[in-house]
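Enquirer: So the sequences go chain by chain: A and B.
According to the working numbering, the stretch in the first sequence is residues 1 to 163, in order.
According to the working numbering, the stretch in the second sequence is residues 1001 to 1501, in order.
Treat the hints as calculated values from the structure; they're not laboratory data.
Between beta-carbon pairs, the in silico distance windows are: (1) V160/A to T1406/B: 18 to 24 Å; (2) G1291/B to K69/A: 33 to 39 Å; (3) F1373/B to V139/A: 23 to 29 Å; (4) F12/A to P1287/B: 42 to 48 Å; (5) L99/A to I1469/B: 50 to 56 Å; (6) W1481/B to L116/A: 48 to 54 Å; (7) V139/A to I1469/B: 55 to 61 Å.
Glycine included, C-beta positions come from ideal geometry on N, C-alpha and C.
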Amino acid sequence: MKSSRENYRKYFDSDTLLTMVITVVFMVSFITTFRMEGISTYLLPRLLSGIGILITLSILLVKYRRFSKGTPKAAQSSQEPKSGIHVLYTALFALGYFLLVRYLGFILTTTLAIWLFAALMRYRNKPAVITVGLLLPVVLHIFFVTLLKINLPPGLVEAVLPF
Amino acid sequence: MTAVLSDAFLMILTLKGFLHLLIGGVLGLIIGIFPGLGPVFGVALFLPFTFWMKPELGLVFLGSLYSCCVYGGSITAVLLGIPGTPGSITTVFDGYEISKKGKAGVALGLSVTASLLGGILGVAALAFFAPILAKFALKFGPADYFALALFGLSMVAVAAKGDTLKGLALGILGVLISTIGIDLITGDYRFTFGFEYLVGGIPFIPVAIGLFALSQAFVLAEEGGKIARPGRVSGGVWEGVVLVFKHWGTTVKHAVLGIILGAIPGVGINITNFLAYLIEKRSSKDPNSFGQGNPLGVIAPESANNACVSAELIPAFALGVPGGASAAIFLAAINIYGLKPGYGFFSESGPVAYALIIGLFFAQFLFFIIGIFGANYFAKVTLTPAAIMVPAIMALSLIGGLADRTLFADLYVVLIFGVFGYISHKNQYPIACLVLGLILGPLVEENFYRALQIGKGSFFYFFSTGISISVWIMIIIVLIWGLLPVKEWSRKIMERKSAPQ
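Chain B on its own, in the form it takes in the complex (with noise of 0.2 Å):
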């Protein structure tokens, strides 16, 4: 383990790992402070230009950028009264008016030193339990393995903002997308329709490229116009850092509440921000506090997401069943660079692996660097007018879509995802559902098949396992939590229950 750590260290420690993770950082923070792009588009349009990095570097690069990028929503909304990110939509809340109140260092103050202890203990997480977690998965068989996948794109459906219905149309799409091109098995083409181009299967980068990055560019294209206004720190960013020290408490309370909320697939940054802000008003024994300018509504939520980011990677990298979009894009990174999700990735490619995780380590450290000394210039990126703002993602996705393959087909997917993304956010189709299928996809059919082969053809297999019977019974729950009306009903029969006889 020391030689394995050491090793990571060596990796990391040199210019060019400091390099990419300064770039990540900055890049991450742009991204993060434009409202609209969130650690999804990011990650998604730099997934491409990682391929010719080692490994470690690309996740390191990548995992610098997304840290980074979570936090950088929250600049704006403490400075401007935008969230940069929908993370960080709760922030506004108190974090703005604590600013409006000439006291913007000290929100700035609060959001990022409860976002670098947040960080570093959702790192610290990742560390411990993925390992654990990803040893308890060797006991895991096909049936299993199917029924998590399973898991993973029912709760994202449910947890993903829109129709639960829609987002398992989506789920399932994006696995059927995946099923495209030659059968491994028998080597026959699938739904290739003459077109040789699909013989390969459709590319997942193109795609989360198209859905992410190009789509946001018909969104701003729509919107118009400049996002904001200059905003400027003023009062003391230091008295900020103080106020979060002093209240140590609640920082590793919600800390362990984004752990948490993290590693459940599809849960998230969003629905963690929120359940933070909530818990800590409910819970507080001034809560009309709340809303104008009480530095626990920084503190909770600011903690909980940047917890959050690092427990988001835990399932994706122990189970191989990621959490959300920005994890399924970090699996296709592993997968890309030739390493497998697992047990395998903390053994046999430990040191990578520890690589990215002392990478987000650092991260936390430099997003708090530039937070407090630069946040003010980072903020004029949202003075950035759409009419700039579109054709530079569109040159960025276009290099994107040809970084991979330099195949101008890749394009077209790279257009038809985005017109398909665009279309999609607007009717409150989850997309992240989407791409979960099609990273899950070949998951779910080797192991449909396995099970199936095990099983002499018998669909019982499915459930004949404690695992599988465990995780099915969680599907049957989900599903019903989030397609039948329960918490309508709970409300009623509360209403009755409360109601004079």
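Just chain A, with the same shape it has in the complex (with noise of 0.2 Å):
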């Protein structure tokens, strides 16, 4: 049970994984310009999407080889994360402040992206903390908005605020 574990592990790391996303958009968009009409709009995605499958399909039967002989460079070939579970902390975090953001405004959900975040990594300098996520999302709020009058979502602590 074990060694088949880790017999998929190997065969399916996450760079083999990554390759054949690849294909599949590249299969996807190859079929895909068979409903387009008109020669201009599909031969170059088309002849695209054929050459992409093909390099795609020999990184994997290159790796698919070296697996089979066994070679160092195939253990070698990827670097895997040291922890691929942070990293997805990280990107739902990032999500979820691209979504608060919309409805708290930019500065009160900085402050509170920088806090929870200081807080889930475990750091310890509470002072630093409070004031970079009191100062830092105001300060950017000055420099962008105020200055290069970029758009940004406001919210209720904008409404307050002078400028």
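Assemble the dimeric complex from its two separately framed chains, guided by the hints.
Expert: Right, here's the structure in full:
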């Protein structure tokens, strides 16, 4: 049971999975071109998708051959993340931040994001975190919204600010 | 020409021009000092904020940020033994050794002066060669441009860190992504899958921010902690400055090397830095002193990589074919400002083009002054913990993602490409190729169909001119070099030859 799981991990590491995802993207685009009309619409995308499929399949084939030969290069071919779950949390954190900013406004969401992330990372210097959390969003707001006139989502805090 | 230059000077020599130069330079230094955040991160992140600036000021801001960022990496390389950017890796070998002997000031003087001189020669090369190359490009037809764009892509795929096949796959994916949206010839929708958002195509800015900025936030979150301990400047800075002028021949030699390598698409700062160091070490009478604190081990890579910075922009501005990710972002900037690369960039919008070149020239002096007087303070940036840097990068990515169109859907593009960039980075997929494909996509498509129209549907037209045939031959050579184990074969042949009979 354990060896089959190890085999699975060996053959389907993140490098292989990424290559497979890119292959699927090329395949989907290749198939989609057959629903297009007009040679200028489909010719180049079809050519590109076709070449892309050939290249990604070659990558997989080369990798498979290395695995079956057991060459050391295969084992080192991908640099596995130290903690994949950490990155997943960060990506979810970024998604939450991007979603919330629409409703709470830039300053409040960014302040909360800094405090929450520091807590999640177990960063202990509380005075620094509180100060940065309060100051950084306001400084960014003044620089980008007031000076550069960039539209950022307003919220409760922005309504109170005089600038 | 004189009128164009005086117009360009008038554009820059204002308080606004100076402020753009200064702010860009300071931001560049901070980004360059922070390990992991390189010049591509900087120009990608700050590109959307330049849309509100006048083109010349926006380009000066980006140019200053780019130049200072490349130098910024050397400050931590010298003071802390940590290269801020991959372009300053070899500076650590001797620069940090000099610092460890209590002469950090000398090492800093060496790196900043060599960077200044290399940078000035690089800017001179950009000013001199780019207009000449652009004039020559007037002879190019669609088949030539098509071949040239493919050459740029294949060079970057071969030269980029990682697998050549992976680079090619990402380059093609980039061109394919650029075809999403309305087909400009027939007006038909392509790959929109019923999403209204995709009708306008995938916007470049959120993709670049995701790939180069947000992905770094994931890397920092993974690594955690803080980057370094504080460093101190000790010893005479001016001693280092004088040493560079004593070895002026080495400085100029490696600046020329940097210019040549920088102008070749795909080579870039990282390779130039290593090559300069290795060439200097090999040609030295005392190669064993390298890695022990030899000043030439700092002068050679620093002069080369800063000369390379401006030289990288030569093919981008003259031909519209960027040599790397940073140049691709500069090309995106000039497209967004409504300017066109090529001969027109230097003739019709000459003052803007020369304003950028003058801005790059002044940026060299800016980092020289800041490097000499403020390196101690800037090095403290490395003490910022990841727990604060990560949300700060997220906030800047959010602002950058919204800056162009204030569309929240763009933030999802930032996030998707951020995750994709992180996974690609971890698996040796060179993401620069994707960006290059994305930026070259319209050039590839336009010239592909124009060539087919002129050739009346015949693919032979792609090989009909002398230029296109030469470029195709170069593409084949580059791909053979990248895909076949040529180096291994030549090593085996050499071994066989040197083996006793």
